[in-house]
Amino acid sequence: MNDSKVNKVVLAYSGGLDTSIILKWLQEHYGCEVVTFTADLGQGEELDEARRKAEMLGIEEIYIEDLREEFARDYVFPMFRANALYEGVYLLGTS
Numbered sequence: 003m004n005d006s007k008v009n010k011v012v013l014a015y016s017g018g019l020d021t022s023i024i025l026k027w028l029q030e031h032y033g034c035e036v037v038t039f040t041a042d043l044g045q046g047e048e049l050d051e052a053r054r055k056a057e058m059l060g061i062e063e064i065y066i067e068d069l070r071e072e073f074a075r076d077y078v079f080p081m082f083r084a085n086a087l088y089e090g091v092y093l094l095g096t097s
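Take the position in the sequence shown, starting the count at 1, then add 2; the result is the number in this note's numbering.
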């Protein structure tokens with residue numbers, strides 16, 4: 003990839019160590035604007051911390067989207083309907 007052509011990057015950002023390091027690397031290596039996107043899957047206070055870290059790293063566009071309903075509907079419920087097993091033995095609804 004030609005470094006001079008990267009102006010803006012959207013990063014799936016958790017606020018953890020890995021995504022915070024890659025965020026800073028993108029800023030320094032490409033000199034580009036980084037936009038963060040965080041999916042709210044029910045993490046609670048972790049979302050406030052992710053926003054705070056992104057702000058500390060100079061991010062101006064921070065998106066946190068409430069995807070709890072979609073996550074439950076499209077992933078959690080189908081998993082239960084498929085009788086997903088924990089450790090190959092226990093139904094996840096009982097673990």
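Calculated directly from the structure, the hints in this document are not laboratory data. Warning: the hint list may mix true and false statements.
[What the hints assert, rightly or not] The calculated DSS-like cross-link candidates involving lysine-lysine, where the alpha carbons are at most 30 Å apart (straight line), are:
no. : residue 1 : residue 2
1   : Lys26     : Lys10
2   : Lys7      : Lys26
3   : Lys7      : Lys55
4   : Lys26     : Lys55
5   : Lys10     : Lys55
[To be verified] Distance windows between CB atoms, simulated:
no. : residue 1 : residue 2 : range
6   : Ile24     : Leu87     : 17 to 27 Å
7   : Arg54     : Trp27     : 17 to 27 Å
8   : Glu71     : Ala14     : 14 to 24 Å
9   : Val37     : Val91     : 37 to 47 Å
10  : Asp68     : Val91     : 31 to 41 Å
Please read all numbers here as calculations on a predicted model, not as lab measurements. For every residue, glycine included, the Cβ atom is placed at its ideal position computed from N, Cα and C.
Next pair to validate is Lys26 with Lys55; report whether the Cα-Cα distance is within 30 Å. holds, 11 Å
At the C-beta level, are Glu71 and Ala14 separated by a distance inside 14 to 24 Å? Given a distance of about 19 Å, which is inside 14 to 24 Å, the answer is holds.
Should the hint that Asp68 and Val91 are 31 to 41 Å apart at their CB atoms be regarded as holding? holds, 34 Å
Is 17 to 27 Å respected by the C-beta to C-beta distance linking Arg54 and Trp27? Holds: the Cβ-Cβ distance is about 20 Å, inside 17 to 27 Å.
Does the Cβ distance between Val37 and Val91 fall inside 37 to 47 Å? holds, 43 Å
Quickly compare the C-alpha distance for Lys7 and Lys26 to 30 Å and report which way the hint goes. Holds. Lys7 to Lys26 sits at ~18 Å (cutoff 30 Å).
If you draw a straight line from the CA of Lys26 to the CA of Lys10, is it 30 Å or shorter? holds, 13 Å
Does the alpha-carbon distance linking Lys10 and Lys55 stay inside the 30 Å limit? Holds, at roughly 19 Å.
Check whether the Cα positions of Lys7 and Lys55 lie no farther apart than 30 Å. holds, 27 Å
Tell me if the beta carbons of Ile24 and Leu87 are separated by a distance inside 17 to 27 Å. violated, 34 Å
This entry does not satisfy hint 6, going by the numbered hints stated previously; all others are met.
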